[in-house]
Every structure is written in C-alpha cells, then in structure tokens.
Amino acid sequence: MISSKHLLLLAMLIVLAMISFLLSLLSGSVDLSLAQLFGELFQPQNDLPAQVLREIRIPRALAAFTTGGLLALAGVIMQVLLRNPLADPYILGISGGAAVGALSAILLGLGLWWMSNAAFAGALLSVVLVFGIANKFGRWSVTRLLLTGVVISAGWGAVINILLTTSSSNNVQSMLFWLMGDLSQSRVGFSHLAVLLVGVAGGLYVSRSLNVLVRGELVAASLGVNIKAMRLLLYLSASLLTATAVTIAGSVGFVGLVIPHMLRLLGARDHRLLLPCSVLLGGSFLVVADALARTIISPQQLPVGVVTAIIGVPSFLVILRSSIKK
Amino acid sequence: MAILELNSLSLRIGTTQVCTELDMRLHEDQRWGLLGKNGVGKTTLLHALIGLVPVQSGEILIRGRILGNIPRQELAAGVGILFQHGISELPATVMETVLLGRHPHVQSLLRDEPADLKIARDALQDLKLSKLAERQVDTLSGGERQRLALAMLIAQTPDLFLMDEPNNHLDLAFQVELLCLLDRKLKQHASALLMATHDINLAARFCEYIILLMGNGEFIKGPTEEVLTPNNLSQAFDCEIGSIVGQGRTFFYPQ
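As given, the protein sequences belong to chains C and W, one line each in that order. So for the first sequence, my numbering puts the first residue at 1; every next one is plus one. So for the second sequence, my numbering puts the first residue at 1; every next one is plus one.
No lab work stands behind these hints: they were computed from the structure. Check the hints yourself; a few may be wrong.
DSS-like mimics (lysine-lysine), calculated; alpha carbons at most 25 Å apart, straight line [stated by the list, open to error]:
hint, chain 1, residue 1, chain 2, residue 2
1, W, K118, C, K5
2, W, K131, W, K185
3, W, K221, C, K5
4, W, K221, W, K187
5, W, K185, W, K128
6, W, K131, W, K118
Just so it is clear, the structure is predicted and the values come from calculations on it, not from any experiment.
Full structure from sequences and hints, please.
This is the structure in structure tokens:
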C-alpha cells in the first residue's frame with residue numbers, strides 16, 4: 001500500500017540524489033565554488049574546471065550512482081528470490097566469478113578494457129554454473145540455489161587467494177583495490193545505464209508480484225503468481241544487474257545488503273516503492289562514499305568499498321535502533 | 001455446472017496414497033468437510049486442487065475447465081486457499097497484508113484502486129480486525145494472525161474456498177462467528193467451500209457433505225449424517241469414537 005508518507009520519502013530521496021551529485025562535483029583537488037559549478041554546468045567554458053568536471057568528476061559521479069543503484073536493486077531482488085535477509089548481490093558467487101576474471105586480467109598485465117570484460121565473463125560463467133548445478137535434476141528449490149551459490153562462491157574464494165598469493169606485490173595492490181570495490185578507473189557507458197533503467201522498469205512491472213512473493217512461494221502461487229517463471233526472471237535479472245555493477249567498479253560491498261534494509265526500516269516495504277527508492281538511495285550513497293574516498297586522505301585515494309562500510313555501518317545501526325524504539 | 005469436479009482422481013504423496021479414483025462434484029452454495037487422521041493427506045489433496053501438487057491420474061475441473069489449462073492468475077481469481085501455516089512474519093502491516101488478497105484481481109500496475117481498498121477494509125471489518133489495520137503482523141497473537149489470513153482469503157472473493165484447519169488458534173466464540181461469516185459469504189457470492197479439519201463436531205455442524213479419508217487411498221463420501229457415524233469415524237481415526245444426541249444435534253467424542 002502506498003501512502004502520501006511514502007511519496008514524501010521518494011521525493012526526499014530524489015533531492016538527496018541531487019545533493020549527493022553536487023557534493024561529488026564540488027569535491028576534489030581543484031577547488032570549485034557552488035556558483036562556479038552552476039556556471040560551468042549551464043555555460044561550459046573551456047578552462048581547467050570545465051575540463052575537470054567534464055572528464056573526471058561527472059563521469060565518476062555517474063559511475064558511482066549507476067553502480068550503487070544497480071547493487072541496491074540487485075540486493076532487493078536477491079532478498080526476495082532467496083527470502084533471506086542476509087542475501088546480497090554477491091551471495092550466489094557472481095562477484096567471485098567476476099573477481100577471478102578481473103584478477104586474471106591484472107595478472108596477465110592486460111588493460112582496463114580486458115579487465116572489465118573478463119570480470120563480466122567471469123560473472124556470467126558463475127551465473128551459468130550455479131544455475132546449471134542447482135537446476136540439474138529439474139527441480140530447483142530456493143535452498144538448493146542458495147547452497148549451490150554459497151559453495152561456488154567459496155570455490156571462487158580459493159581461486160582468488162591463489163591468484164593473490166602468487167602475484168607480484170605490484171599487481172596485488174590493484175587486485176585488492178578491485179576486490180574492495182574501486183571507482184578510480186570507472187566509466188559508465190550507455191549499456192550500463194540501460195541495464196539499470198530496464199532493471200527498474202522491469203522491477204516495477206512485477207513489483208506487485210514481488211510483494212506477494214516475499215510472503216512465501218505457496219502463498220504467492222495461490223494468489224496467481226507463476227512461481228517458476230518468476231524465480232528464473234529474478235535470478236537472471238539480479239545476476240545481470242550485479243554483473244554490470246562489478247564490471248564498473250569491482251565488488252563494492254555493503255550497498256546491496258544494507259540499502260534495501262534501511263529503506264524497509266524507513267517504511268518502504270512495498271516493492272512499487274522499494275525498487276525506485278533503492279536505486280536512488282543506493283546511488284546517492286555510493287556517490288557520497290566515493291566523494292569521501294577521494295578526499296579523506298587526498299592526494300591518496302581509498303577504495304570506495306572501504307568507505308561504504310565506514311559510513312554505512314553507523315547509519316544502519318542508527319536506523320535499526322530508532323525503528324526498534326517505535 | 002459444478003464449481004469443482006474430480007473425475008477418478010488418484011493422488012499420492014511420498015509413500016502415502018491419499019485417494020484412489022475419487023469422483024466428486026462440488027456445486028454452488030455447498031459446504032464440504034474433509035476429515036481423516038494426521039498424515040492421511042488432507043492438506044495434499046487441498047494443494048492438488050489448485051495445482052500445487054501433481055496428481056497421479058484423473059482430472060480436476062474448475063467450472064468445467066481442466067485445471068492445468070487455466071492460467072494461474074485466473075485460477076487465483078476463482079479459487080482461494082487458506083494455508084495451515086498462515087502467513088509469514090515479515091515486517092508488514094495488517095492492511096498491507098490483507099490487500100495482497102486482491103492480487104489476482106488488480107488491474108492497475110502501480111495504483112491501489114479504491115474498490116480494492118474498500119474490499120480489503122470490509123474484510124478486516126468482517127474479521128473484527130479494523131482496529132489493528134496499522135499494526136505490524138509480527139505483533140499479533142496466534143488467533144489474530146489466523147483471522148488476518150481469513151480476512152485475506154475473504155478479500156480474494158473466490159468462488160471456491162479451500163480451507164485447511166480454518167479454526168486453528170480461534171477461540172470458541174470466534175469459531176462460531178467464523179461459521180456464520182462463511183455461511184453469509186457463500187450465499188452472497190454463490191460460492192462453495194471445502195474445509196479440512198480435525199474438529200468432527202465442527203464439520204458435523206457446518207458441512208452438508210463429508211469426505212472421510214481412511215488411509216491407503218480409500219475414502220467414504222456423502223451427506224454428513226450418512227458418513228459421520230461412530231463406526232466410520234472409529235475406523236478412520238483408529239480410535240473408538242462414540243456419539244450422543246443433544247439439542248437436536250449429534251456430538252462425537254473419543255471413548
């Protein structure tokens with residue numbers, strides 16, 4: 001059920017997204033005032049700030065927002081699919097497969113293009129592997145899918161450790177950045193944005209069914225939801241969203257797990273609302289985290305995945321506490 | 001035309017034969033009781049009737065159409081089921097939950113139609129839950145939760161009510177009230193009902209027809225007064241069951 005209170009939340013998140021973008025565009029080694037920023041945004045000059053904005057800050061903020069949105073959306077879907085509050089986009093081994101792909105590319109000294117494509121290929125391999133094994137005997141239950149995913153994930157973990165321990169220290173540095181999630185080399189293209197938009201639109205299209213599905217598969221089936229088709233759809237879409245996100249920024253943790261829960265605690269339990277809100281909050285969250293990651297100890301940069309946990313943990317605990325008091 | 005028609009239905013779950021060659025027709029405004037001892041397959045039979053469990057052989061027809069040919073959503077608009085284990089305790093309010101009962105009927109992708117909201121509110125009122133509309137489901141008592149599941153089923157407005165232990169967790173007053181409510185709903189919507197229950201006296205009082213599952217796929221079915229005899233019941237429940245007559249009704253008790 002959607003009330004005006006919920007629409008207010010949605011509106012506030014839209015404002016938050018805008019503020020986070022402004023914040024991100026203003027922070028960095030080249031100082032920029034708010035007036036300058038608006039000037040550059042609406043009447044671009046051909047000076048240094050304009051160049052910094054156009055070539056560095058705007059693409060990076062966009063990459064952060066897209067990644068955060070993708071992860072939060074994938075998190076909601078995984079939590080519905082597995083009906084497990086601990087589910088996150090990586091629980092079924094997608095990030096593990098992507099990591100093995102990306103790390104192998106780093107090990108072989110291949111460029112950025114290879115790295116992101118190897119990550120995407122690794123993610124897809126993992127998706128097919130988990131689905132193939134879980135579906136082997138024609139009857140895949142949620143438990144079976146979860147167990148298969150967790151086991152495959154552990155297998156990838158072992159491979160990742162082998163890669164880390166056998167690589168030169170030079171490579172290990174960039175591998176660790178990838179594993180923690182890092183936006184410093186990220187660029188989003190049209191395809192990434194398209195995945196996000198189609199993900200939200202498709203999610204909204206089945207959002208009522210998601211509302212029923214979280215109450216259990218039997219209840220959903222009795223209320224007219226086609227369970228088998230829905231499971232497959234959710235598995236594939238969450239996988240694609242996650243694979244796209246890790247391709248952009250490595251495995252940024254925390255966003256996909258916690259953003260959906262934060263919103264549920266704030267009252268957005270209906271998926272018609274939860275899906276768009278997750279994209280907005282997940283995106284804004286990562287934009288702010290990235291702005292901090294590149295300014296806290298500048299000129300050095302932190303991997304954004306570290307910052308998401310540093311600001312995510314306390315803010316989640318505050319919301320959890322206040323919701324218990326209610 | 002019968003709302004539900006079973007033609008020589010055989011059903012098996014694991015090593016338990018629930019029924020063999022069961023024929024039955026359930027017409028509008030009829031109330032059927034499904035009785036039998038624990039583990040005999042009452043729940044499985046109910047689940048099979050909405051296609052949640054595959055059958056061994058035979059056909060299930062809903063208003064003359066073969067069950068497998070009816071799209072899930074259309075089926076859900078006509079046939080509603082009350083599960084024994086009720087609804088999960090995920091964070092949700094009572095109103096949000098009861099509104100899910102409208103799922104098979106909703107037209108708009110994102111908007112809640114006022115008509116659906118009204119049906120949901122009326123269902124809450126029917127089950128005396130109006131005051132709890134904004135409460136979280138996980139703060140409800142067992143009985144309130146059962147009433148919520150019932151309200152959800154009422155909001156679904158099916159032609160055929162399948163109910164698994166509808167009086168679970170309900171106090172005596174509410175059990176009687178529920179029967180009156182169901183009676184009203186069946187008449188209003190020309191619906192029919194099949195309920196699985198352990199309460200022989202409830203079935204005797206409320207149901208016009210009984211299917212008594214005997215185990216091993218055997219069953220006895222027919223008008224209540226013919227099926228519910230101490231002899232049949234003792235055999236079905238592996239326990240001596242006697243009866244006394246009082247206030248014009250027959251009561252059954254274990255001896």
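Hints violated by the structure (listed by number, smallest first) = Hint 3 is the one this structure does not satisfy, whereas the remaining hints hold.
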